[in-house]
Each structure stands twice: as structure tokens, then as C-alpha cells.
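Build the full structure now, drawing on both the sequences and the hints.
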Amino acid sequence: MNALSPDDWSAVGLTLTLAAVVTALLLLAGTPIAWWLARSRSRWRAAVSAVVTLPLVLPPTVLGFYLLVALGPQGPLGQLTQRLGWGLLSFHFSGLVIGSVLYSLPFVVQPIRNAFVAMGERPLEVAACLRASPLDAFFRVALPLARPGLLAAAVLGFAHTLGEFGVVLMVGGNIPGATRTLSMQIYNHVEALEYPQAHWLAGGLLAFSFLTLLTLYRLEAGRGAPARLF
Amino acid sequence: MIRADIALDVPGFCLRSAFEIPASGITAIFGPSGAGKTLLLRSLAGLERGARGRIEMNGRTWQDDDRGVFLRAHERGIGYVFQEPSLFNHQSVRRNLAFGYERTPAAARTVQWDRAVALLDVGALLERAPATLSGGERQRIAIARALLASPGLLLLDEPLAALDAGRKREILPFLAAAQRELAIPMILVSHQMEEIAALAGHLVLLQNGTVLANGPLAATLARVDLPIAQDDDGGVLIDAVAAAHDARYHLTQLDFPGGRILVPLESLALGTAVRLRIRARDVSLALSPHEDSSILNRVAATVVEFAATANPANVLVRLDAGGSPLLARVTLRSREQLRLEPGSRVWAQVKSAALVG
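Going down the list, the sequences are from chains A and B. Using my numbering, the final residue of the first sequence is 230, and nothing's skipped along the way. Using my numbering, the final residue of the second sequence is 1357, and nothing's skipped along the way.
Note that these hints are calculated values from the structure, not bench results. Mixed in with the good hints there might be a few duds.
Said to hold, decoys possible - Distance ranges between label pairs, derived from CB positions: (1) A:Pro134 with B:Pro1022: 28 to 34 Å; (2) A:Phe139 with B:Asp1064: 28 to 34 Å; (3) A:Pro134 with B:Asn1058: 22 to 28 Å; (4) B:Gly1034 with A:Ser133: 32 to 38 Å; (5) A:Tyr217 with B:Asn1058: 53 to 59 Å; (6) A:Val48 with B:Ala1310: 53 to 59 Å; (7) A:Val48 with B:Gly1034: 35 to 41 Å; (8) A:Arg43 with B:Gly1135: 37 to 43 Å; (9) A:Val62 with B:Ala1108: 55 to 61 Å; (10) B:Gln1083 with A:Ser133: 21 to 27 Å; (11) A:Asp7 with B:Ser1092: 50 to 56 Å; (12) A:Tyr217 with B:Arg1049: 37 to 43 Å; (13) A:Ser133 with B:Thr1110: 17 to 23 Å.
What the hints assert, rightly or not - If the Cβ cut is set under 10 Å, some of the chain B residues that face chain A in the computed set are: (14) Gly1077; (15) Gly1079; (16) Val1081.
Ideal Cβ placement from N, Cα and C applies to all residues, glycine included.
Below, the structure is given as C-alpha cells:
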């Protein structure tokens, strides 16, 4: 028997692609933000912290709604993308990417920030006294030392994006092959009372998430240097 | 020459230190805890961005806030050994050592790899992970790592403080050998007179963030007006030469310009230069050379000056023994009974003297 339909497979593929792209972007954007939050003494730090953490407490629909407005034809981002000749990003894969990046940001920034805070100033001072410029010290000392945090951030960002629903629904709709992710597909199956198919997808997602986190915690326990996720 | 004039305010503490020290040998920065020794050293390194003032090393300006000059730590060509070894735990010992070495242009390398590895005796540890090493081994790696960046000045912040007495004695000779053979000027922060006596040639005394005294080590230790002379451990350093061994009584005779001192037999080649430390509390005074005393060491000396001590029962006496300064701590009562005045001829009875390096 064929448990998953071609539509299901297409949703799985789309979701994995989305999670991979989003994770990569999050690590690129989240690492400098985490670095700044860990080391800056700026008075803006509290405000930036709050903004970065907002998606953790905000209903995804609220974030999705504002994004939809901003990315829409009348919104500032929508007007910008139109002027740049990119068209509108809402109801489009890139809209999902933007939404998911914002929504998963705290899950990536938090563990990296914790890793940077935990290592303290000392390794960087040592590097500076060994002729390493700040940039050199960042790449050769700070990043390698923060590896457990970076790994945790990547896993959390990836897993969290896999299960994203609210933001996707608001910004991307439910377009097969373009914006229909795994969680949308489960929702569609349930709407159509196709519980067995919903079970396959939901169970798969559950098992995958559990195994990912289990592997992560096992890895960290083995290292003796636990990455603080939260 | 190293010239510094540094002001640094941190919550609850003000550092206002100006001094000039030789850019050679080992200069010790000594003072009670809380005197600002570490802050001063960090300011010299460029690790304290709040530090204001001027720092000049052999004519090169590291910092001059009037002219807006501030070289950052990695631009100063220094080495720094922290109180804790602070090795990069994600790398092997070899990678730790190579970190600064690889970042030093080949033409600027004054310390060769094999030399530093041999001096600190770390060859057997190269493939180990820092986490598997003992405290003493880690600090030796940290010192070798700093040396391998071929620093123009090596800053040492109580590098032995975290080690037990045995480990300290194990590392002291390594530091002395590194200084001697590589000719890298060093500044050593310490609150252990034993360390300073063994290593340093110049002394900066720090108290409450300001420089109390700054001068050659032996001359500064012999000053009666400084609080270090008042310490229970206060005393002088004397440069002496191993002159004879007495196999029968197991003694070694050390000669210095003012006389001779016998110490328990030391395996020193005759003619070896040594440094003797004689504490003020171990020196008593007599008007005649008491042949009937059990004290072996008697040195003829002249009284130079007196200073009061914190304990009103005692006075501190500075003596001149043929050009070598000596300090003696005697009771006020003894001073009056013996009628000691500046210029009095006395015999200094030395109860014990320690070889320090």
C-alpha cells in the first residue's frame, strides 16, 4: 500500500527545502545578532533582545498577519520588492522563507548567545595577545568554542521550521508545490477526514522531531559540555 | 625603556600610575591584593579600553590619548600569561602553541619553535588535549604559547598563583631560563616576595592604584621607609658568590662585598653567582663579635638609619656591610641599651639566609 500520495511527498520535499534554506539563513543572520547581544553594552540591547524573542510569545498568526500586510501590494516591503522587479513575495516560497526566518529567530539566537556568554572575554583576550585581530579571533576561537551552541541552534531552527503552520498559512496560503508545507498538508487531510494519511505525516514529524532532539542531547551529554538550549 | 602614565577608573577603584622601567630583565609589580596590579598590567596590554594616558615602549607609542593613538592588544606585539592558563580547550597543545607562532611573520620570529618547546619542556605534551594536563603543565604550555608569539614584552599576571608550592618551584626555573636565554623583557605581577626575589631585577611597588616606589629590586627592598620592609617577611637581597664548601660540617661559604655567609651545603660550582635573601627578623645586633654564640654568621656593619615599625616595641635598622645593605629588626629596648645611633659600628648576627636563585 502506498502510505503517502504524490501530493504528500511534494509537501515533504518542500518542507525540507524550506527548513534547510531557513536554517542556513538563520545561522548567517543569527550568529552576528547573538554575538552583539552577548557582548554589547549598548542601551539598545534590551530592546533588541525583546524584539528577537517576540516570536516566542506571539501567536504565529499575528506575526503572519503583519508580514502579509507588509509584503502585500500596499505594504512597504511589497512596494520595495515590486520596485526591485521581484514581484510580490506573499503566496510565494520566498515569502515562506522570510516568515519562517523571523518566526524561528529566537530558537537560533538564544543558544548561540548563551554559548558566547558562557565562553566569556578570556579566550578572545588570549587570542588578541597572540597577535590575532578581532575578526581572526572571532572565526578561529569564538566560533569553534561556540560549536555546541551553533549545533543546537541549527537543530532547533530546522526542527521548528519543519512544524511551522500559522505564519505559513497567513503569508503563503496553501498552494500545492509552492507553499503547501507538511503542516498544511496534515491540516488538509484532517479537513477532508483523511485521518490515516494525517497519521502518517503527523507521526513521521513527531518521530523525526523526537529523534533529532534525542541525538542532540546525547551528543551534548557525551561531550560533557552541555549546550544550553534555553 | 618603558614609559607609562595610566589612569583608569572602574567602579570602586581608581588607578593613577606613572612610571619608567627598563625594557630588559624582569620587572616585578608588587603590592597587596586590591592594589590594582592586574588592572595596570591589562592596561599595558591594551586589554582595558577605559584606560587613558600614555604608554611608550622603546620609543614606540602604544597609546597616547592626547594624540588619539591606541594600539590594540594584537598590534602591540606582546605576550600575556594569565593567572589561569586559559588554553584553547578545543585545540591540541600543538595547535595552542602554534596559534601565536603562525601569526608572527617569519622575519619577526625571535623565538624558534624547538627552542621554546625545549625551554619549557613541553615536547612530550604536544599531542595531548589541554583538559588532560595538570595545572603546572597547562601553565607551562601557556608560557610557551606566549613566548612563541615572539613578544617584544611578556606580561605575566601571577602566573604561579593558581599552583601549589611544589609546582611553583617547578616552574620558576623555567621562567628564569626563558628570560635569560631569550632576552625578552618581562613584567611580572606578583604578591609573592619569594617569586620576585628569585626572578626580578627591578621593582614597582603599587598601593591603592598609585606607584609607591620604583627602582632596582635590591636597593628598593633595602629602603626602611617602604611598607615591604615592615612586612614580617621584609628583608634584603644580596648578590654573593659560592666561595668554598666545607664537607665536614656540610656548609657552603658564600662571599659578598661585606663579608661571608655560611649556608647548609649546596651543590654549587665554586664561583657561581647566587642571590641571598636575608630577612630583617633574622638579623640581630651585637656590639662585639660574640664568639660564644651558636650563630654562625656575623657580619661587621655600620648603622645607617632607623625607622619605626607598626609594632611600637620594634625598630627597623638599616645597616651598611661593606657596601651591601642589610636590614635588622630589633626591639626599641635593645636599641637604647646598646646605644645605637647612625654611625655605630655593630656586628650583625644572621640567623638564617635563603638562596633564592
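Status of the hints after comparison with the structure:
no.	hint	result
1	A:Pro134 with B:Pro1022: 28 to 34 Å	holds, 32 Å
2	A:Phe139 with B:Asp1064: 28 to 34 Å	holds, 31 Å
3	A:Pro134 with B:Asn1058: 22 to 28 Å	holds, 26 Å
4	B:Gly1034 with A:Ser133: 32 to 38 Å	holds, 33 Å
5	A:Tyr217 with B:Asn1058: 53 to 59 Å	holds, 55 Å
6	A:Val48 with B:Ala1310: 53 to 59 Å	holds, 55 Å
7	A:Val48 with B:Gly1034: 35 to 41 Å	holds, 36 Å
8	A:Arg43 with B:Gly1135: 37 to 43 Å	holds, 41 Å
9	A:Val62 with B:Ala1108: 55 to 61 Å	holds, 59 Å
10	B:Gln1083 with A:Ser133: 21 to 27 Å	holds, 25 Å
11	A:Asp7 with B:Ser1092: 50 to 56 Å	holds, 52 Å
12	A:Tyr217 with B:Arg1049: 37 to 43 Å	holds, 39 Å
13	A:Ser133 with B:Thr1110: 17 to 23 Å	holds, 21 Å
14	Gly1077	holds, 7 Å
15	Gly1079	holds, 6 Å
16	Val1081	holds, 9 Å
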